[in-house]
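The primary structure of each chain is shown beneath.
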Amino acid sequence: MIRIDSVTKRYPDGTVAVDRLSLEIPDRSITVLVGPSGCGKTTTLRMINRMVEPTEGTILLDGEDSRRQPVTTLRRSMGYVIQNAGLFQHRTIVDNIATVPRLLGWGRQRARERAAELMERVGLDPSLAKRYPYQLSGGQQQRVGVARALAADPPVLLMDEPFSAVDPVVRKGLQAELLRIQDELGKTIVFVTHDIDEAITLGTMVAVLREGGRLAQYAPPADLLSNPADGFVEDFLGADRGIRRLSFFPSDALELTTDAVIPADATAARIAAVEAPHLLVTDADGRPLGWAAREELTAGDLRTDRLLPYGRPFVPGADSLRVALDCAVLSPVGRAVAVDGHGRVTGVVSQQTIGEAVRAAHTAGRADEQKVAG
Amino acid sequence: MNVLHFVDAFFSDSAHWHGYDGIPQRFWEHLQYSLLALAVAAAVGLPVGLLTGHTGRGGNALAFIANAARALPSFGLLVLAVLLIGFGLLPVMIPLVVLAVPPILVTTYEAVRSVDPAPVDAARGMGMHESRILFRVEVPVALPLILSGLRSAAIQIVSTATIAAYVSLGGLGRYIIDGLYQRDYEKVVGGATLVAVLALLTLAVFWAAGRLAVSPGVRRR
Ligand SMILES: Nc1ncnc2c1ncn2[C@@H]1O[C@H](COP(=O)(O)OP(=O)(O)OP(=O)(O)O)[C@@H](O)[C@H]1O
Ligand SMILES: [Mg+2]
Chain A
7 MIRIDSVTKR YPDGTVAVDR LSLEIPDRSI TVLVGPSGCG KTTTLRMINR MVEPTEGTIL
67 LDGEDSRRQP VTTLRRSMGY VIQNAGLFQH RTIVDNIATV PRLLGWGRQR ARERAAELME
127 RVGLDPSLAK RYPYQLSGGQ QQRVGVARAL AADPPVLLMD EPFSAVDPVV RKGLQAELLR
187 IQDELGKTIV FVTHDIDEAI TLGTMVAVLR EGGRLAQYAP PADLLSNPAD GFVEDFLGAD
247 RGIRRLSFFP SDALELTTDA VIPADATAAR IAAVEAPHLL VTDADGRPLG WAAREELTAG
307 DLRTDRLLPY GRPFVPGADS LRVALDCAVL SPVGRAVAVD GHGRVTGVVS QQTIGEAVRA
367 AHTAGRADEQ KVAG
Chain B
10 MNVLHFVDAF FSDSAHWHGY DGIPQRFWEH LQYSLLALAV AAAVGLPVGL LTGHTGRGGN
70 ALAFIANAAR ALPSFGLLVL AVLLIGFGLL PVMIPLVVLA VPPILVTTYE AVRSVDPAPV
130 DAARGMGMHE SRILFRVEVP VALPLILSGL RSAAIQIVST ATIAAYVSLG GLGRYIIDGL
190 YQRDYEKVVG GATLVAVLAL LTLAVFWAAG RLAVSPGVRR R
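Chains as they are written, first to last, in our numbering: chain A, 7 to 380; chain B, 10 to 230.
Hints are computed from structural coordinates only; laboratory data are not their basis.
Be a bit skeptical, because a hint or two may be false.
What the hints assert, rightly or not - Listed next, the stretches of chain A that the computed footprint assigns to chain B, with coverage defined by at least 3 CB atoms under 8 Å from CB atoms of chain B:
{"#": "1", "stretch": "66-80"}
{"#": "2", "stretch": "86-92"}
{"#": "3", "stretch": "98-110"}
{"#": "4", "stretch": "283-296"}
What the hints assert, rightly or not - Computed far set for chain A versus chain B, every beta-carbon distance over 12 Å:
{"#": "5", "residue": "Leu51"}
{"#": "6", "residue": "Arg52"}
{"#": "7", "residue": "Ser83"}
{"#": "8", "residue": "Arg114"}
{"#": "9", "residue": "Ala122"}
{"#": "10", "residue": "Arg328"}
In this text, all values refer to a predicted model and were calculated from it rather than measured experimentally.
All residues carry an ideal CB built from backbone N, CA and C; glycine is no exception.
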């Protein structure tokens, strides 16, 4: 475990970048440092691998002062990923990734084999191995940066805004990839970002820092959203904190209805029995085709080209309440379509039903908090 | 009578191609002086430039010394050196080295300074030692600029090494000085042409060195 114990950093010009910060960073999980620009995130991160020396306080690694070991040994046990990756432009991709193993004295062949293995792990095509960094896209370079940091299998990974220079779509992909890699490898990751969404997506624990390098709140993301410590944290979380919080509630408790779901070859009697104004038409396999207004439907004459699009379906259990609500809001008839893992319709749910579930979830959440507090 | 005519006459005279005053001998002497001066200048300029560039300290002092050195006239320095230490190779080397150190020093310093700080930061964060950071991360990227500093120093040395002839040494300057003295303009033009040829050869050598030593990842092709 990394323990930051009452650490202060005062730069020679007098700037106090970090002020008596104490944090316990749990093993094998992602801890995110988040906060506005200049609040001391980078300084905190760089004090862990001693790129910056604390003015006061200590940093303990498994109970031992980090200053007890030689600084190069310390750094080689911690992968370091920076914004824009910082690749060596004169080296090929494999050789970039093989850097730390080579530093540790591995033979060239073994280091390259290891590098190839890591390229696969971070989702890089093996054909890129012999390229130079300038021949890669920003997202690919960032993957190389992550692979390079992981090459010697260090227990700790320090990441300073690694995904902030790529476009939002690529960033989402990289975040998903990081979570997948973390599932497989279980590293102790300290991740710096100024993007609260990224913090909430990735963090097991999130430390919100404020200007002057003081800790505003340190909590799991769900707690942060439900219970911001003060106005600063609340502002930082943004106006849609309530909606965001729904990501932490499962959608499997939603009550689905199936009476408005009809197959394309339904009989007139079956159609007539439906009370709802819109029906969801499915194909023979039960996959959704689209919505139809009841009065426009005549049995045996299902013109699928006249159906309203059913939008994006959600998967109860796998998707959160936030996704379910989003589907319902986007649906042309105000109802979200639920499907199973194979894309077959399991039912539909109205905005009203989701709204009730949201209220129930919030009440349950508050009850939990009171239990914790009491 | 035009210049081309002089050139033609000089190079077609077979008497100019052998003996102690023959073209191969003088060319070889000139090359030796130049290489020696470049080696000494590089031995001074490269380490100082690399170190100050890497640490970022001493840049101002460096620029001051380099500018001062540039202001010294080579010929005046030669005369002074001869007065102080007499004839020989050493007084010739002094002005040549003084001429060549500033471009090597300043360009090397600038080259290392201008390396993208991100990979250097990454390397340090990985636990690389400072010397390895300099030679394995900064120098490979700074190499094209460092070579260009060496190249301009080499060109200046090659053209200035003609002054060796003033103090009774050999080299291509012999033709120019003797020619002027003997009013043999064919010889003067021939000598000047040979200096120009050597300068072009120097350019070619540096071009080839750049192709061989600079990584395709830095050349970007
Ligand atoms: N080397 C330095 N010398 C003096 N002050 C510094 C130095 N490095 C950082 N600072 C100051 O310390 C404070 C914290 O800087 P730091 O880089 O840790 O912020 P940050 O949270 O990472 O910001 P950003 O999100 O913009 O990267 C800032 O006020 C910054 O100006
Ligand atoms: Mg920062």
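Now for the hints, and whether the structure bears them out:
{"no.": "1", "hint": "66-80", "in the structure": "holds (count 4)"}
{"no.": "2", "hint": "86-92", "in the structure": "holds (count 6)"}
{"no.": "3", "hint": "98-110", "in the structure": "holds (count 4)"}
{"no.": "4", "hint": "283-296", "in the structure": "violated (count 0)"}
{"no.": "5", "hint": "Leu51", "in the structure": "10 Å, violated"}
{"no.": "6", "hint": "Arg52", "in the structure": "8 Å, violated"}
{"no.": "7", "hint": "Ser83", "in the structure": "8 Å, violated"}
{"no.": "8", "hint": "Arg114", "in the structure": "14 Å, holds"}
{"no.": "9", "hint": "Ala122", "in the structure": "19 Å, holds"}
{"no.": "10", "hint": "Arg328", "in the structure": "36 Å, holds"}
Violation of the numbered hints given earlier is confined to hints 4, 5, 6, 7; the remaining hints are satisfied by the structure.
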